[in-house]
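Under the numbering used here, read the sequence shown as residues 72 to 301, first letter to last.
One should not assume that every hint holds.
[What the hints assert, rightly or not] Derived pair list, reagent style EDC-like, types lysine to aspartate or glutamate, alpha-carbon separation capped at 20 Å:
1. K162 / D129
2. K290 / E251
3. K77 / E89
4. K290 / D226
5. K77 / D159
6. K77 / E116
7. K162 / E116
8. K77 / E154
Everything labelled a hint here was simulated from the structure, so no lab data went into it.
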Amino acid sequence: MHLSPKESDRLLLFLAAELARRRRADGVRLNYPEARAIIADEICEGARRGQSVAALMDLGGRILTTDDVMAGVAELIDVLQVEPMFEDGQKLVTVHQPIRPGSEPVDGVVPGEVRAAEGEIELNAGRRQLTLVVRNTGGRPVQIGSHFHFFEVNDALDFDRAAAFGMRLDVPAGTAVRFEPGDEREVDLVELGGNRSVYGLNRLTEGETGEAERAAALKRAREAGFAGAG
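The task is simple: from the sequences and hints, build the whole structure.
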């Protein structure tokens, strides 16, 4: 046989689903990969037999219940996505909450669940903070991640770079701020944590971010044409 990688993946999914079906028939509750395999296989097979995307989205939510799976599996699979091949090409099928409630009672305990304590947590408590006005003078959007050394952001962003040395965005980790061309707004910055050393990025710092290093970094920024470097 000469199988493409996609065809090999389809056979692997079928084998996983068949194993899961045998265990289900024997009364064994399915784990996470087994539950996903059965649902995904049924969707792929339905597409092969000419069913529509809408019909398969409905089908995906009627295959398994919480009676069929181990505790916590239904909560882990909140969304299932698969790209089967239809008669007119490959399409994405998305099923939300594919494992519906069963007839047996559940205790509501989710293995591995993380529960947040009551109250609020103050981000970056005790660190030096600063607010700067930033303007995008370039012709393209610029997006800045939460932990990027703000002093070294895109050279088209015009702001007081000297003041931003050793600072980053005061936003939750993993989030970002985006500037469209011509945008001007205030941003809140906070002092870097840890040993406050920065390497890479635009290679303007390459070391610690103390007062002694600021002048050399500003000189490199001016020579490289970074807006706001003085």
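| request: Any hints from earlier that this structure breaks? Give me their numbers in increasing order, please. | output: Violated: hint 2 alone.
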